[in-house]
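**Student:** Counted the way our numbering counts, the sequence shown spans residues 294 to 461.
Be aware that one or more of the hints could be misleading.
Restraint-style ranges between C-beta atoms, simulated for each label pair [as the list claims (entries may be wrong)]:
id, residue 1, residue 2, range
1, Thr416, His323, 43 to 53 Å
2, Thr307, Glu401, 10 to 20 Å
3, Cys435, Trp340, 18 to 28 Å
4, Arg308, Ala400, 34 to 44 Å
5, His306, His419, 16 to 26 Å
6, Glu325, Lys302, 27 to 37 Å
7, Arg366, Cys435, 17 to 27 Å
8, Phe429, Ala363, 10 to 20 Å
9, Asp434, Asp341, 33 to 43 Å
10, Arg328, Cys435, 37 to 47 Å
11, Ala357, Tyr402, 12 to 22 Å
Keep in mind that the hints were calculated from the coordinates and are not lab data.
Model, not experiment: these values are computed from the prediction.
Note that beta-carbon positions come from the ideal geometry of N, C-alpha and C, so glycine has one too.
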Amino acid sequence: MNNLAKELKDWLHTRNTDQWARPWPTAEEHDERIRRNLAANATWILWDGAVAAATITVHGEGNAALWTGAERREPAVYLHRIMVSRYYAGQRIGARLIDWAAARAAAEYGARQARIDVWTDNTALHAYYTTIGFTFLRLADCRPDYPSRALFQRPIAVADPPGAPCDR
Numbered sequence: 294m295n296n297l298a299k300e301l302k303d304w305l306h307t308r309n310t311d312q313w314a315r316p317w318p319t320a321e322e323h324d325e326r327i328r329r330n331l332a333a334n335a336t337w338i339l340w341d342g343a344v345a346a347a348t349i350t351v352h353g354e355g356n357a358a359l360w361t362g363a364e365r366r367e368p369a370v371y372l373h374r375i376m377v378s379r380y381y382a383g384q385r386i387g388a389r390l391i392d393w394a395a396a397r398a399a400a401e402y403g404a405r406q407a408r409i410d411v412w413t414d415n416t417a418l419h420a421y422y423t424t425i426g427f428t429f430l431r432l433a434d435c436r437p438d439y440p441s442r443a444l445f446q447r448p449i450a451v452a453d454p455p456g457a458p459c460d461r
């Protein structure tokens with residue numbers, strides 16, 4: 294997973310965004326957050342043989358610093374750190390991981406919204422999320438140095454959850 298993160302960090306550096314240019318708020322806290330999500334089985338990895346092709350981190354509760362109390366009371370799935378290797382770009386893997394996580398959350402606990410906080414200055418990523426059905430809600434009213442303040446959501450269509458696309 295570290296190789297995938299480094300690949301995307303290097304690529305993002307060429308795309309006119311400071312996304313992932315430095316760990317937030319510190320390298321230690323960033324790494325601990327990733328370890329905690331892996332240990333809690335919140336992070337899913339899509340493998341192509343021995344290669345981590347993509348990841349998604351999924352939570353059933355929203356960050357109180359970003360989402361309002363009313364939003365957090367609604368059944369929703371909160372998506373984080375969606376990463377797809379550039380080798381697999383253009384194959385809709387990210388969109389399919391989002392669809393899978395949303396359908397799974399709808400089946401497991403009745404989630405009706407898929408939500409994501411997106412890197413504030415990465416307008417190309419904002420455009421991507423709107424092309425796959427997300428609506429920009431607002432910039433979160435939180436500490437100004439928080440890097441992912443752009444909040445997006447989309448309704449979840451109720452359907453049978455697809456099979457798991459990946460291993461944990």
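**Student:** Indicate, hint by hint, whether the structure satisfies it.
**Tutor:** Status of each hint after checking the structure:
1. At roughly 23 Å, the beta-carbon separation of threonine 416 and histidine 323 lies outside the given 43 to 53 Å, and the hint is violated.
2. Distance hint check for threonine 307 and glutamate 401: the Cβ-Cβ separation is about 38 Å, which falls outside the suggested range of 10 to 20 Å.
3. At about 34 Å, the beta-carbon gap between cysteine 435 and tryptophan 340 misses the expected band of 18 to 28 Å.
4. Separated by about 35 Å at the C-beta atoms, arginine 308 and alanine 400 satisfy the suggested range of 34 to 44 Å.
5. Here the CB-CB span from histidine 306 to histidine 419 is close to 18 Å, well matched to the stated 16 to 26 Å.
6. A C-beta distance of roughly 18 Å is found between glutamate 325 and lysine 302, which places it outside the suggested range of 27 to 37 Å.
7. Arginine 366 and cysteine 435 have their C-beta atoms about 19 Å apart, which keeps the hinted 17 to 27 Å range intact.
8. A hinted range of 10 to 20 Å for the beta carbons of phenylalanine 429 and alanine 363 is consistent with their spacing of about 18 Å.
9. The hinted range of 33 to 43 Å is satisfied by aspartate 434 and aspartate 341, whose Cβ atoms lie roughly 40 Å apart.
10. For arginine 328 and cysteine 435, the Cβ-Cβ distance of about 24 Å falls outside the hinted range of 37 to 47 Å, so the restraint is violated.
11. Judged by the Cβ atoms, the range 12 to 22 Å given for alanine 357 and tyrosine 402 holds: they are separated by roughly 19 Å.
Violated hints, in rising order: 1, 2, 3, 6, 10; the structure is consistent with all others.
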